[in-house]
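Undergrad: First to last, the sequence lines map onto chains A and B. Under the working numbering, think of the first position of the first sequence as 1, with each following residue one higher. Under the working numbering, think of the first position of the second sequence as 1, with each following residue one higher.
Source of the hints: derived by calculation from the structure; they are not laboratory data. Bear in mind the structure is a predicted one, so any value in this text is a computation, not a measurement. It is possible that some hints are incorrect.
Residues from chain A shown here face chain B by an in silico Cβ test under 7 Å; the list is partial [to be verified]:
no.: 1; residue: 10
no.: 2; residue: 12
no.: 3; residue: 18
no.: 4; residue: 19
no.: 5; residue: 39
no.: 6; residue: 41
no.: 7; residue: 119
no.: 8; residue: 147
no.: 9; residue: 148
no.: 10; residue: 151
no.: 11; residue: 154
no.: 12; residue: 155
no.: 13; residue: 157
Label pairs and their computed distance ranges (CB to CB) [as the list claims (entries may be wrong)]:
no.: 14; chain 1: B; residue 1: 338; chain 2: A; residue 2: 56; range: 22 to 30 Å
no.: 15; chain 1: A; residue 1: 26; chain 2: B; residue 2: 316; range: 22 to 30 Å
no.: 16; chain 1: A; residue 1: 64; chain 2: B; residue 2: 46; range: 51 to 59 Å
no.: 17; chain 1: B; residue 1: 89; chain 2: A; residue 2: 97; range: 22 to 30 Å
Below, a list of computed lysine-lysine pairs in the DSSO-like style, where the Cα atoms sit at most 27 Å apart [what the hints assert, rightly or not]:
no.: 18; chain 1: B; residue 1: 117; chain 2: A; residue 2: 32
no.: 19; chain 1: A; residue 1: 98; chain 2: A; residue 2: 72
no.: 20; chain 1: A; residue 1: 32; chain 2: A; residue 2: 45
no.: 21; chain 1: A; residue 1: 72; chain 2: A; residue 2: 55
no.: 22; chain 1: A; residue 1: 98; chain 2: A; residue 2: 32
no.: 23; chain 1: A; residue 1: 45; chain 2: B; residue 2: 117
no.: 24; chain 1: A; residue 1: 53; chain 2: B; residue 2: 117
no.: 25; chain 1: A; residue 1: 55; chain 2: B; residue 2: 117
no.: 26; chain 1: A; residue 1: 45; chain 2: A; residue 2: 98
no.: 27; chain 1: A; residue 1: 53; chain 2: A; residue 2: 98
no.: 28; chain 1: B; residue 1: 316; chain 2: B; residue 2: 304
Built from N, CA and C at the ideal position, the CB exists for glycine as well.
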Amino acid sequence: MTLAEYNAAVDTHADGIYRFAWKHLRDRDGAKDIVQESFARLWVKVEDVDAAKVKSYLFTTAHHLIVDDVRKSARSTTLEDHHEPLRWTAQSPPDLQKVLEEGLARLPEVQRSVVLLRDLEGYSYEEVAELTGLNLTQVKVYIYRGRTALKDYIGKMELVL
Amino acid sequence: MDGRLTTQQERALDAFLTANPDLPALQEVLPGIDAGAVPFPGTDALKRAFPPIGTPDAYHLDDFLVARVEGDLTMEQERALDRYLLAHPGNERDARLVMLTRIVAAGLVVPSFGHLKRRQARIIPLFVRFAAAAAVAALFSIALWSVLRGDEPTRRVQVAELPTPDIDNAIQKAHDSTSDVSYEATIDHVDGGSTDKIVRVVRPGGAPGTDVHPAPSDPASSPRTTRESWPQLAEARPVHPAAPMDPRVPVAVDVPEQAIAAVPDGAELAYEPRSAPTVAEFVLGTVRERVLDRTAAPESPLGKDDAVAAVNKGLKRIGGSEAGVQVERTGQRITHFDLRLGRGLGVTASRGR
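Based on the sequences and whatever the hints tell you, model everything.
TA: Right, here's the structure in full:
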C-alpha cells in the first residue's frame, strides 16, 4: 500500500469508521480515538496491507478496538446507565432516534456491531462475517436477534410514552 | 413408569400389589403412551432459517419482518407477507417497529480527519542543518557586533615574520667585510597576486642605494604568493666584493610602477645610526624604513552601514527574500533593529525617537 493509497483511505473510510464507532460508543471523543488508533495501526502495517482490503482491515481494527473499549467500560458502569428510561419519563419525550440509540446501546456488543456494520456501511453478510470473525450463520442470527430486541425496546418505549 | 420412584418406594409398591392381587393390572390403570405412533404435525414449522423459507405465519412473522428490512425476501415472499399483514392487521405495529430498527447516521457531524494523512518524508542532510545554523549564528553575531560596537574606526595590525637569521648573517658579514664591499638585498615584494623581486644594491659609506627590478622569473620557480601585501626579505648576499661600484654610474634600472609605489618618494630613513652607520646598519635601516615601517596605502575602513549591508545580503542568500536585517538610526543613535531569519522567525527592537 503506497502513501497515496493510505491518504486516499483516510478520505474514503475515516468518516465511516467514525460513524460506526460513534454509534457504538455514543461518545464522540471515544469515536475519534477509535478512528485515529485504527489509522495508526494501519500506518504501522501500511507496507503489508493490500489496498483492496484496506476497508476490511480498518473496520476489523475498529471493531476490535470497540470491543475492548466496551469491555473496559462495562466494568465501570454508572448508576445513571440503569435509570435511563426513568429519566426519560421525567423529562420531555425523546424522539425516535434517541430511543433507537438507547436500544442500540443495550444490545450485546456483538449484535450491535453486526447491525451497525450492516446499516451504516451496507456490508454484506459475508463482509460482516469477515470483519467480526463470525461465521455466516452467526451473523444472520445476531442481526435477527438485534433487530427483534430493538423492536421490542422501541415498542416498550412507545407504551411508556 | 416415569422412573421417578426410589428403590425403597418401588419395593413397597411391589409388596402392596402382591398383597392385593384382586386389584386391576397396572397397565390397565395407567396405559402407556407410544410416542412413535403419534407424529407431531408442526415439526417443520418450528424450524428456523435466515432468510426464512416458505410463507409467513404467526410463528415466523418476525423472521419475515426482519428479512424484509434486510432485503432478503423474494418477490413472492414480499407479496405473501403483505397479504398476511392485510389479513392480520394486529401485526401492523410489529411490522412498523421492525422497520424503525434501521440505523441511520442522520444528524451526525463527522469531524475532519485530514490530520491523519501522512506526508512524504523529506530528508535534509544533517550537515546542511548545522551549516545553516552556524551561518545564521555567525551572521547574527556579526550584525550585533557591528551594530553595538562603538564608532571607533577599525585599525588592523599586521605583523610580518621575517627570516631574521639571514638578516643577522648579512649584518655580521657586512661588519666583517671592508668598506669597499657592496651588498645587494633581494626583496620579494608581494602585491595582490603578483610577486616582484627587487634587488637593492647597497653602497659603502651610507651612499643611497639603487633598486633594480630584474626580469620576471619563471612562475613555477617564483616565490610564493600570499593574500596579504607585505614585503619579505628573502636573502642578503655580497656582490662584486673586488670591484666597488661607482655611485655616479647608474645601474640598469627597470623599475615598474608597482615597485615605485611600494617605496614612497622622499621617504626619510627611520633608522638613526648611533654613530657612523655601517653598511649592515644601513641595509637594516633601509629595509626597516622602506619595507617594515612603510605605511599602508590610505584606505577608508568599513563602516557600520557596510557591515549591516553585508549581513543583510548574507541572510538573504541563506534564507531567501524573507530574511534580512535592517538597522535604522538617527544620527549615532539606533532607533530600530529588525532581524529576520525566515517566515515567522524574526527579532525586532525599537527605541523611541
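Undergrad: So, for every hint listed, does it hold in this structure?
TA: Hints and how they fare:
{"no.": "1", "hint": "10", "verdict": "holds (5 Å)"}
{"no.": "2", "hint": "12", "verdict": "violated (11 Å)"}
{"no.": "3", "hint": "18", "verdict": "holds (5 Å)"}
{"no.": "4", "hint": "19", "verdict": "holds (5 Å)"}
{"no.": "5", "hint": "39", "verdict": "holds (5 Å)"}
{"no.": "6", "hint": "41", "verdict": "violated (12 Å)"}
{"no.": "7", "hint": "119", "verdict": "holds (4 Å)"}
{"no.": "8", "hint": "147", "verdict": "holds (5 Å)"}
{"no.": "9", "hint": "148", "verdict": "holds (5 Å)"}
{"no.": "10", "hint": "151", "verdict": "holds (4 Å)"}
{"no.": "11", "hint": "154", "verdict": "holds (5 Å)"}
{"no.": "12", "hint": "155", "verdict": "holds (5 Å)"}
{"no.": "13", "hint": "157", "verdict": "violated (10 Å)"}
{"no.": "14", "hint": "B/338 x A/56: 22 to 30 Å", "verdict": "violated (57 Å)"}
{"no.": "15", "hint": "A/26 x B/316: 22 to 30 Å", "verdict": "violated (57 Å)"}
{"no.": "16", "hint": "A/64 x B/46: 51 to 59 Å", "verdict": "violated (37 Å)"}
{"no.": "17", "hint": "B/89 x A/97: 22 to 30 Å", "verdict": "holds (27 Å)"}
{"no.": "18", "hint": "B/117 x A/32", "verdict": "holds (15 Å)"}
{"no.": "19", "hint": "A/98 x A/72", "verdict": "holds (24 Å)"}
{"no.": "20", "hint": "A/32 x A/45", "verdict": "holds (20 Å)"}
{"no.": "21", "hint": "A/72 x A/55", "verdict": "holds (26 Å)"}
{"no.": "22", "hint": "A/98 x A/32", "verdict": "holds (21 Å)"}
{"no.": "23", "hint": "A/45 x B/117", "verdict": "holds (15 Å)"}
{"no.": "24", "hint": "A/53 x B/117", "verdict": "holds (18 Å)"}
{"no.": "25", "hint": "A/55 x B/117", "verdict": "holds (16 Å)"}
{"no.": "26", "hint": "A/45 x A/98", "verdict": "violated (38 Å)"}
{"no.": "27", "hint": "A/53 x A/98", "verdict": "violated (34 Å)"}
{"no.": "28", "hint": "B/316 x B/304", "verdict": "holds (18 Å)"}
The earlier numbered hints that this structure contradicts are 2, 6, 13, 14, 15, 16, 26 and 27.
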